[in-house]
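Peer 1: Letter by letter, the chains look like this.
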Amino acid sequence: MGEALEKSRVTSLPGPFAVGRYARELQEWMRERPRVQLIGEVTGVGRSKVQAYFELRDSEGAVSCAIWLNDLEKSELGESNLRDGIKVVVEGGLDYYPGGGQASPKFSFRATNVRLAGEGDLIARLEALRRQLRAEGLFELQKQLYRPVLPKTIGVVTAEGGAARRDLLAGLARRGWEGTLVWAFAPVQDRHAAPVIGKALQDLAARPEVEVILVTRGGGSLADLWAFCDETLCRTVAMLRVPVISAIGHERDNTLIDDVAAFACSTPTHAPEGVVPLDCLAARETLERSAVALRRAGEGAIDARSRHLGALARGPARALQRQRDDLNQKIREIRAAAERGLAERATSQQRIGTVVLERARRRAVGADMEKRRAALHRATVTLRAHEPERTLERGYALVEGEGGEPLTSAEAVAAAEQVRLRFADGRIRARTEGDVEREREA
Amino acid sequence: MSERPESYEAAVERLEEIIDRLDSGQAGLRETLDLCKEGRDLVSYCAAELDEVGEGLKELRLDDLAAKLEVGSEQS
Chain A
1 MGEALEKSRV TSLPGPFAVG RYARELQEWM RERPRVQLIG EVTGVGRSKV QAYFELRDSE
61 GAVSCAIWLN DLEKSELGES NLRDGIKVVV EGGLDYYPGG GQASPKFSFR ATNVRLAGEG
121 DLIARLEALR RQLRAEGLFE LQKQLYRPVL PKTIGVVTAE GGAARRDLLA GLARRGWEGT
181 LVWAFAPVQD RHAAPVIGKA LQDLAARPEV EVILVTRGGG SLADLWAFCD ETLCRTVAML
241 RVPVISAIGH ERDNTLIDDV AAFACSTPTH APEGVVPLDC LAARETLERS AVALRRAGEG
301 AIDARSRHLG ALARGPARAL QRQRDDLNQK IREIRAAAER GLAERATSQQ RIGTVVLERA
361 RRRAVGADME KRRAALHRAT VTLRAHEPER TLERGYALVE GEGGEPLTSA EAVAAAEQVR
421 LRFADGRIRA RTEGDVERER EA
Chain B
1 MSERPESYEA AVERLEEIID RLDSGQAGLR ETLDLCKEGR DLVSYCAAEL DEVGEGLKEL
61 RLDDLAAKLE VGSEQS
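Those protein sequences? They're chains A and B, same order as listed.
Heads up: the first sequence at position 328 corresponds to 328 in my numbering, and the numbers run straight through without jumps.
Heads up: the second sequence at position 56 corresponds to 56 in my numbering, and the numbers run straight through without jumps.
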């Protein structure tokens with residue numbers, strides 16, 4: 001019975017086929033199945049030299065997956081991010097390894113790309129787009145634009161009733177900025193937002209008076225902020241010739257528009273200092289101080305120099321006076337020395353006369369009285385020749401004061417007023433007139 | 001003013017240079033007076049720039065501006 005059943009089964013099925021050939025056909029058949037995306041959680045990650053293996057599973061089942069390391073490196077997830085527990089989307093198709101003489105056959109889902117699912121999926125797409133735009137140099141274009149520290153007209157793209165608008169107005173008021181704001185209100189969340197925001201930016205940039213444009217909205221999930229990661233919008237921003245300042249979401253949020261903008265503020269609260277870097281109130285105070293410093297420097301320079309010039313102008317007069325004083329002192333010294341010299345000479349002459357007379361007297365008392373008398377007479381005659389009277393006899397006059405004392409200088413005579421002129425034959429009173437006339441101006 | 005500053009920040013930068021030079025005390029009288037004049041001109045320029053954003057916030061709507069522009073072009 002059993003034998004009969006076996007015989008009938010063998011005969012009712014095609015084959016038998018050589019298993020190796022069957023395995024290769026199975027591989028071909030599987031590879032021809034349409035490629036799909038699977039979503040699930042990664043478990044049991046392992047790696048060989050050329051491939052990574054893992055199971056993708058959810059609560060209802062699992063599929064063995066394999067990916068060439070080359071493909072994993074190029075995938076949105078990145079080679080190093082493949083680990084147990086992450087939820088991923090896998091792109092790929094069925095594959096079958098037929099095995100060999102020793103190697104075991106193996107069925108697997110051959111993945112060609114892996115990316116994070118859900119929010120993770122968005123982040124992965126964002127990262128891919130970011131890499132692309134950076135590679136194209138679009139992050140640098142806006143950063144090369146001149147961004148004024150004190151713009152007078154600012155364009156703003158934001159939601160009409162949003163908190164970002166209130167934040168901006170309050171912040172600008174705190175900085176003392178009261179210029180012109182041109183509002184371009186736009187939806188900032190739904191899937192139509194990006195094109196409207198892009199149009200508003202272009203319209204604002206087309207107005208010549210707009211010096212800088214702010215794009216701002218409050219925080220939200222990455223999905224909420226997705227409009228600001230829109231590729232077309234970001235390319236538009238990169239190409240604008242007016243600097244765009246972005247202030248989107250919370251500090252941790254990093255949208256693509258932040259990368260292409262000229263400057264990215266961490267939150268809408270920081271937007272005012274982003275669009276008007278100059279604190280106008282502080283700037284006014286600084287300017288006031290500068291004006292005072294300049295005034296002081298100008299006035300100080302003139303005062304200091306006029307004092308210096310005055311001192312210089314007085315210099316020659318002082319030097320002249322000093323020279324004059326020195327000269328007068330010397331004149332006084334010379335005069336005193338001359339007077340001293342005259343007095344010493346008179347004393348000396350008197351001493352000589354006394355000595356001569358004494359010698360004569362001694363000689364007179366000697367044996368030859370007559371001879372000595374004659375010698376005495378000669379000596380007397382000689383002595384007389386030195387007496388002042390002899391000088392007077394030669395026509396000179398001696399000026400004396402009222403007391404008979406000799407006046408030997410013009411100043412003494414001028415001071416005396418009343419003088420006596422002594423001649424050889426007598427004295428006569430005289431009166432002086434006028435000041436002393438010097439021989440030479442000292 | 002010999003020439004208008006390129007920007008507010010350029011003016012402030014030059015003004016700081018001038019004040020530093022004056023504070024150094026190394027400038028002669030002629031240079032001091034020239035720097036003071038240049039500095040006063042820069043202060044005037046900066047004050048005028050600040051005045052332009054100090055006379056009350058003005059808020060316009062891009063839509064209104066665009067509408068005015070269209071009306072203006074129709075009239076002309």
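No wet-lab data here; the hints were simulated from the structure.
Please read all numbers here as calculations on a predicted model, not as lab measurements.
Fair warning: there could be bad hints in the mix.
[Said to hold, decoys possible] Think about it this way: if two alpha-carbon atoms lie no more than 25 angstroms apart in a straight line, the pair counts; the simulated DSS-like pairs of lysine-lysine are:
id	chain 1	residue 1	chain 2	residue 2
1	B	Lys58	A	Lys152
2	B	Lys58	B	Lys68
3	B	Lys58	A	Lys199
4	B	Lys68	A	Lys152
5	A	Lys74	A	Lys87
6	A	Lys49	A	Lys74
7	A	Lys199	B	Lys68
8	A	Lys152	A	Lys87
9	A	Lys49	A	Lys106
10	A	Lys199	A	Lys143
[As the list claims (entries may be wrong)] If you want the ones that stay clear, here's a sample from chain A, every Cβ over 10 angstroms from chain B, calculated:
id	residue
11	Pro98
12	Gly99
13	Ser104
14	Leu129
15	Thr286
16	Arg305
17	Leu312
18	Leu320
19	Arg324
20	Glu437
Glycine included, each C-beta is placed from N, C-alpha and C at the ideal position.
Peer 1: If a hint holds in the structure, say so; if it doesn't, say that too.
Peer 2: A quick look at each hint next to the structure:
no., hint, verdict
1, B:Lys58 with A:Lys152, "10 angstroms, holds"
2, B:Lys58 with B:Lys68, "17 angstroms, holds"
3, B:Lys58 with A:Lys199, "23 angstroms, holds"
4, B:Lys68 with A:Lys152, "21 angstroms, holds"
5, A:Lys74 with A:Lys87, "18 angstroms, holds"
6, A:Lys49 with A:Lys74, "17 angstroms, holds"
7, A:Lys199 with B:Lys68, "18 angstroms, holds"
8, A:Lys152 with A:Lys87, "50 angstroms, violated"
9, A:Lys49 with A:Lys106, "17 angstroms, holds"
10, A:Lys199 with A:Lys143, "21 angstroms, holds"
11, Pro98, "67 angstroms, holds"
12, Gly99, "69 angstroms, holds"
13, Ser104, "69 angstroms, holds"
14, Leu129, "28 angstroms, holds"
15, Thr286, "8 angstroms, violated"
16, Arg305, "5 angstroms, violated"
17, Leu312, "14 angstroms, holds"
18, Leu320, "28 angstroms, holds"
19, Arg324, "34 angstroms, holds"
20, Glu437, "49 angstroms, holds"
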